[in-house]
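Trainee: One line per chain: the protein sequences are G and U, in this order.
Sequential numbering of the first sequence, starting at 1, is according to my numbering.
Sequential numbering of the second sequence, starting at 276, is according to my numbering.
Hints are not guaranteed to be accurate.
[Stated by the list, open to error] For each label pair, taking beta carbons as the anchor points, the in silico distance ranges come out as: (1) U/W331 x G/K210: 51 to 61 Å; (2) G/T42 x U/E358: 25 to 35 Å; (3) U/Y376 x G/K70: 50 to 60 Å.
[Unchecked claim] Taking lysine-lysine pairs in the DSS-like style, the calculated list, with each CA pair at most 30 Å apart, reads: (4) U/K365 x G/K141; (5) G/K127 x G/K157; (6) G/K198 x U/K365; (7) G/K52 x G/K248; (8) G/K198 x G/K210; (9) G/K157 x U/K288; (10) G/K127 x U/K365; (11) G/K224 x U/K288; (12) U/K365 x G/K203; (13) G/K248 x G/K30; (14) G/K69 x G/K242.
Read the hints as simulated data drawn from the structure, not as lab findings.
The beta carbon of each residue, even a glycine, is placed where N, CA and C say it ideally should be.
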Amino acid sequence: MRLNLIAAALAASALLTGIAAHADQLADIKKKGELVVGVLGTDEPATFIDPKTRQIVGYEVDLVNAIAKKIGVKPVLKQIAVAARIPELQQGHVDLVAAGLTHNKEREAQIDFSLTTFVTGQKAIVKKDSGITDVPQLAGKKVLTIRGGTQEPNIRKAVPTAEVVTFDTSQQAFQALQQGKGVGYVDDEAALLRSYAKLGPQKAKYVVLKQNLSTEALAIGIKKGESGLKAVVDDTLRELEKSGEAQKIFVKWYGPNTASGFQTRDFKLDSDKID
Amino acid sequence: MPLFDYSLLLTGKYHDMLVAGLLLSLQLLAASLVLALPIALVVALLRLSPLAPLRWLGFAYVEAIRNIPLLAHMLFWYFGAPELLPEGIKQWLYAGHIEAYSAIIALALYTAAFMAEDIRSGIRAIPTVQFEAGRALGFGFLGTMRRVILPQALRVTVPPLISQTLSLWKNTSIATVIGVAELMYQAGQVESATFRSFESFAFASAAYLTVSLAITGLATWYHHRFPVRTI
Chain G
1 MRLNLIAAAL AASALLTGIA AHADQLADIK KKGELVVGVL GTDEPATFID PKTRQIVGYE
61 VDLVNAIAKK IGVKPVLKQI AVAARIPELQ QGHVDLVAAG LTHNKEREAQ IDFSLTTFVT
121 GQKAIVKKDS GITDVPQLAG KKVLTIRGGT QEPNIRKAVP TAEVVTFDTS QQAFQALQQG
181 KGVGYVDDEA ALLRSYAKLG PQKAKYVVLK QNLSTEALAI GIKKGESGLK AVVDDTLREL
241 EKSGEAQKIF VKWYGPNTAS GFQTRDFKLD SDKID
Chain U
276 MPLFDYSLLL TGKYHDMLVA GLLLSLQLLA ASLVLALPIA LVVALLRLSP LAPLRWLGFA
336 YVEAIRNIPL LAHMLFWYFG APELLPEGIK QWLYAGHIEA YSAIIALALY TAAFMAEDIR
396 SGIRAIPTVQ FEAGRALGFG FLGTMRRVIL PQALRVTVPP LISQTLSLWK NTSIATVIGV
456 AELMYQAGQV ESATFRSFES FAFASAAYLT VSLAITGLAT WYHHRFPVRT I
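Please model the entire structure based on the sequences and the hints provided.
Mentor: Right, dumping it as structure tokens:
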């Protein structure tokens with residue numbers, strides 16, 4: 001009963017703020033002359049701080065800049081935490097979220113997503129002496145990863161019997177792997193390769209498993225029901241794809257000459273559907 | 276903001292995750308409490324010992340533990356301490372539930388430091404003449420403690436000990452940082468999978484509140500049932 005009252009109060013306040021703030025967001029953005037975008041700023045090379053210029057740069061920043069240009073306003077980047085991404089968007093503190101956001105079915109009830117901006121696989125790294133050579137062998141073993149993302153549910157989907165242990169940061173999880181507190185460590189491919197590179201001479205003791213645990217579609221988050229804003233975002237992304245600009249931006253941040261070292265780009269900015 | 280969705284809490288996979296977290300939290304509470312009480316009693320007696328080196332030992336334990344945040348204890352017992360063990364034992368430990376063991380050790384040692392101080396206060400509440408009377412009757416230090424002082428002192432001590440149990444219950448949530456899948460951990464997992472922060476944390480808050488109120492109720496009941504005898 002008490003819970004009912006709390007729920008009702010929450011619902012009522014949500015309804016009230018909803019009414020007060022309701023206007024077309026795209027019109028508001030044009031009026032204030034700036035597009036406020038929530039970014040992580042710690043997620044190289046998607047959004048990170050350039051040590052020389054102290055500016056936030058990266059793959060997602062280039063996409064956001066194109067969107068702001070299309071609307072005809074100034075882009076303003078605001079650094080937010082992983083867990084704050086959705087609340088900040090829902091409360092209207094930011095207009096868009098470009099922060100390594102995975103698009104999944106559960107989240108569709110809360111916010112809208114742009115066309116998929118990046119597709120990444122999640123991979124596992126194991127110690128060589130564990131004898132593990134492919135993903136199914138992780139069955140029944142302890143697997144370490146970062147908390148708050150889609151890594152954990154994806155491990156469970158790929159290897160249902162694995163015992164998953166998660167940590168606040170990927171550094172802690174990776175540390176636990178090095179100490180032998182689990183046989184494998186799972187993360188997005190780009191992040192995983194970066195951690196692997198940091199191992200230096202120790203690298204020889206570890207193997208990155210070839211097979212992907214999952215495929216992740218990342219997208220830009222848009223407040224639910226803002227169809228005008230979503231249309232402009234999607235149009236911009238489609239135009240970038242058509243003009244070849246999207247390919248150039250990808251190569252600039254993820255291509256063969258970067259630390260990520262992707263040889264090819266296996267996705268296009270053309271759909272907001274996910275499996 | 277969408278409406279509060281009960282279905283998430285009442286059935287299905289997310290409900291199961293939250294309930295599993297609650298059960299693990301209760302297990303952490305029980306295991307740490309069972310370990311903490313005897314340690315606390317020993318430390319309290321050390322602090323009251325007639326031998327100065329033992330008193331110093333008790334003092335050092337309490338101050339070293341009390342003045343460092345529980346979070347640091349947790350990380351130390353998970354990432355630091357086990358690394359010092361011999362390779363064989365280490366491998367065996369790491370293959371098991373090292374996360375939960377580390378959390379229980381951290382929680383028990385931490386809580387014991389606070390409980391020791393409560394027990395010490397309880398013992399000191401018993402007039403020293405009783406202790407002297409015990410010694411005059413020919414009991415040793417431990418004999419006097421066991422037969423005369425502790426039976427009276429523990430009665431005074433139980434309400435503050437229950438209050439420490441309340442802190443211990445809330446502190447189990449810190450085990451999240453070393454990957455123990457307790458209640459806060461599961462609430463976080465449900466939130467990140469569904470973005471339903473309100474629902475998952477409402478469940479966690481309600482569960483913490485319910486157990487806390489039960490513990491407080493226990494303290495009140497004990498106080499009425501076994502009032503401190505006028506000394």
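Trainee: Evaluate each hint against the coordinates.
Mentor: Consistency of the hints with the structure:
A beta carbon spacing of about 59 Å between U/W331 and G/K210 agrees with the range 51 to 61 Å that was offered as a hint. Remark: the range hint 25 to 35 Å for G/T42 to U/E358 is upheld by a beta-carbon distance near 28 Å. Evaluation of the 50 to 60 Å hint for U/Y376 and G/K70 yields a pass: the beta carbon distance comes to about 56 Å. With a C-alpha separation of about 17 Å, the suggested pair U/K365 and G/K141 falls inside the 30 Å cut-off, and the hint holds.
Distance restraint check for G/K127 and G/K157: the Cα-Cα separation of roughly 22 Å lies within the 30 Å cut-off, and the hinted pair is therefore satisfied. Note on G/K198 and U/K365: the hinted pairing holds, with a Cα-Cα distance of about 25 Å set against a maximum of 30 Å. A hinted pair counts as satisfied when its Cα atoms are at most 30 Å apart, and G/K52 with G/K248 qualifies at roughly 23 Å. Note on G/K198 and G/K210: the hinted pairing holds, with a Cα-Cα distance of about 19 Å set against a maximum of 30 Å.
At roughly 13 Å between alpha-carbon atoms, G/K157 and U/K288 fall within 30 Å of each other, so this suggested pair holds. Only pairs whose Cα atoms come within 30 Å are accepted, and G/K127 paired with U/K365 is accepted, the gap being roughly 17 Å. For a cut-off of 30 Å, the pair hint linking G/K224 to U/K288 stands: about 25 Å separates their Cα positions. Between U/K365 and G/K203 the CA atoms are separated by roughly 23 Å; this keeps the pair inside 30 Å, and the hint holds.
Among the hinted pairs, G/K248 with G/K30 is consistent with the structure: their alpha-carbon atoms are about 28 Å apart, no more than 30 Å. Pair hint G/K69 plus G/K242 holds up; C-alpha atoms about 17 Å apart against a cutoff of 30 Å.
Violated hints: none; the structure is consistent with every hint.
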